[in-house]
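With chain B fixed as given, assemble chain P onto it according to the hints.
If you're matching them up, the sequences are chains B and P in order. Be aware that the first sequence starts at 1, since it is given in this note's numbering, and climbs by one per residue. Be aware that the second sequence starts at 1, since it is given in this note's numbering, and climbs by one per residue.
Hints listed in this document are in silico derivations from the structure and should not be mistaken for laboratory results. Using N, Cα and C, we set each Cβ at its ideal position, and we do this for glycine too. Hints may be right or wrong, so weigh each one.
[To be verified] Covered by chain P, per the in silico footprint, the following chain B stretches (three or more residues, Cβ under 8 Å):
| hint | segment |
| --- | --- |
| 1 | 112-126 |
| 2 | 274-288 |
| 3 | 353-367 |
| 4 | 389-402 |
| 5 | 424-435 |
[Stated by the list, open to error] Keeping only pairs whose Cα atoms sit at most 25 Å apart, straight-line, the calculated DSS-like set for lysine-lysine is:
| hint | chain 1 | residue 1 | chain 2 | residue 2 |
| --- | --- | --- | --- | --- |
| 6 | P | Lys61 | B | Lys240 |
| 7 | B | Lys84 | B | Lys269 |
| 8 | P | Lys92 | B | Lys338 |
| 9 | P | Lys61 | B | Lys341 |
| 10 | B | Lys240 | B | Lys84 |
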Amino acid sequence: MSELNKLTISDARAKLRAGDVTSVELTEACLKTIEGAGALNAFVHHTPEIAIDQAKAADVRIAAGGAPDMCGIPLGIKDLFCTKGVPSQAGSAILNGFKPEYESTITQQLWDTGSVMLGKLNMDEFAMGSSNETSTYGNVVNPWRRGNDEAALTPGGSSGGSASAVAADLCLAATGTDTGGSIRQPAAFVGITGIKPTYGRCSRWGVVAFASSLDQAGPMTKSVRDAAIMLAAMSGHDPKDSTSADLAVPDFEAALTGDIRGKKIGIPKEYRMDGMPAEIEKLWADGTAMLRDAGAEIVDISLPHTKYALPAYYVIAPAEASSNLARYDGVRYGHRAKLAKGEGIDDMYEKTRAEGFGPEVQRRVMIGTYVLSAGFYDAYYRRAQRVRTLIKKDFENVFDAGIEAILTPATPSAAFGLGEMADADPVQMYLNDVFTVTVNLAGLPGIAVPAGLDKQGLPLGLQLIGRPWEEGDLLNSAYVLEQAAGFVSKPGKWW
Amino acid sequence: MSIDKDTARRVAHLARIRVEEDALPALAEEFNAILGFIEQLNEVDIEGVVPMTSVTPMPLKRRADVVTDGNQQDKILKNAPDAREGFFAVPKVVE
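Same shape as in the complex, but just chain B (with noise of 0.2 Å):
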């Protein structure tokens, strides 16, 4: 029984229950490849007690027939959500030695469908970041190589960890959260699945926040279906969190015909950005083809507002988390820092702060409190939250227009070198973002599927943006995608 950490939740879903397979095979198969994985820094904190109990409950619950899809499923977890007695750190020093004594929520409904925490997953700090360079844990590596060129590449970011994870196989799928593109970008950077549901789908409770009215968890995982299977356990109201929607959950899975003939596809122009790289270009027009040869009418869209999306997302990300991450103060938990003789709690308040907050964190932070601040608040976030109006109102005219879906392609190009951005203005590493922070601002679903390999080996991803609360259809396109790309490469294993 080799190789089992390399299924799919759906190949192994039907091996466990036809008793080919345990949970407990499943997870050992997983903790053995972990331990040997070190070299890309995806799992941070292990969890193998935890994950040997639930498999065997799993065993216990799949023999007595009926469980549910997710049973016996050994999953990783991004490091931002609360796990109950396991350290949960969001990426940051601020946090060490932080165990909740709490489960989030999604956490929650994952193990209460049988689901099985092999460990918790790299991220960036607070989940800012697009490269997982700014972890407190340090850098994950992408399991992709250029060629046979050594260099360490970023796995994106910011579930960096769980990119990584799934596409060297660590698990069969992992749980990951998007602000800005944070599943959809690492997805594309390892050729692997990853969908940010409608804002409300999923509970943000015990899931540490970021920046709150745009921040939705997601499964990431090696196919469509996985997605569509791992989201639907994922999902539903949660009266601890007002924003979650009480809507039903539907079956995605079954949304899964294959069929979109007449359906009617969205290629906006402004996601044509200047200097895009003929590659992904190239990639775009592929996408589009097969998505036609499939059946789909193709209709050139215009979302007029495209370009103001990225500098609005960069006044209200940090402006929530300016707000969110003041609890961070040394007082209920995490790090405190020592203090002199004769200093008093502000001083405590600041020296704690400069402390436990990374470089990238304290610029959000500030960047944040600066445009909340007497006199530039609404030259700043007033004027921020009526563009974020506008750039919804653009999708809605081209939804009430007809159109079902929209392709782009997921990232600006494919992964770069770890430390490539380290001179770089923070502006440049924004712009990784550029075709998925659109989303977030209009709490849209979006998917990203792998759909190539460029010149250099590596994996290109193409997004898919939905209607809102149409992730059935929507995932049932990237599936109809995922086919006709046909991607099935794998990384090398080196590490």
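Just chain P now, with coordinates in the frame of chain B:
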């Protein structure tokens, strides 16, 4: 709008993040690069546009005003860097 060293110092203090004096000029420069990027928003005609307050229009749910949990002082204090006699302990704030 350009941020100088004094503004950077004021913002750092408002955010309760200690920034050493010699790090302020570089910080001000970073702020200016980011704010320069944000300035693009001034090109947008926002006349009559309502600021977004909720991305998915939904009324906030209400529930009965009753106590649903509590009595977990130990759990709440469990992660505190300094907890004494059932309280969070901090440096003296009142003389």
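Structure-based check of all given hints:
no.	hint	verdict
1	112-126	violated (count 0)
2	274-288	violated (count 0)
3	353-367	holds (count 8)
4	389-402	holds (count 3)
5	424-435	holds (count 4)
6	P:Lys61 x B:Lys240	holds, 11 Å
7	B:Lys84 x B:Lys269	violated, 46 Å
8	P:Lys92 x B:Lys338	holds, 15 Å
9	P:Lys61 x B:Lys341	violated, 49 Å
10	B:Lys240 x B:Lys84	holds, 17 Å
Hints 1, 2, 7 and 9, counting from the list given before, are not met by this structure.
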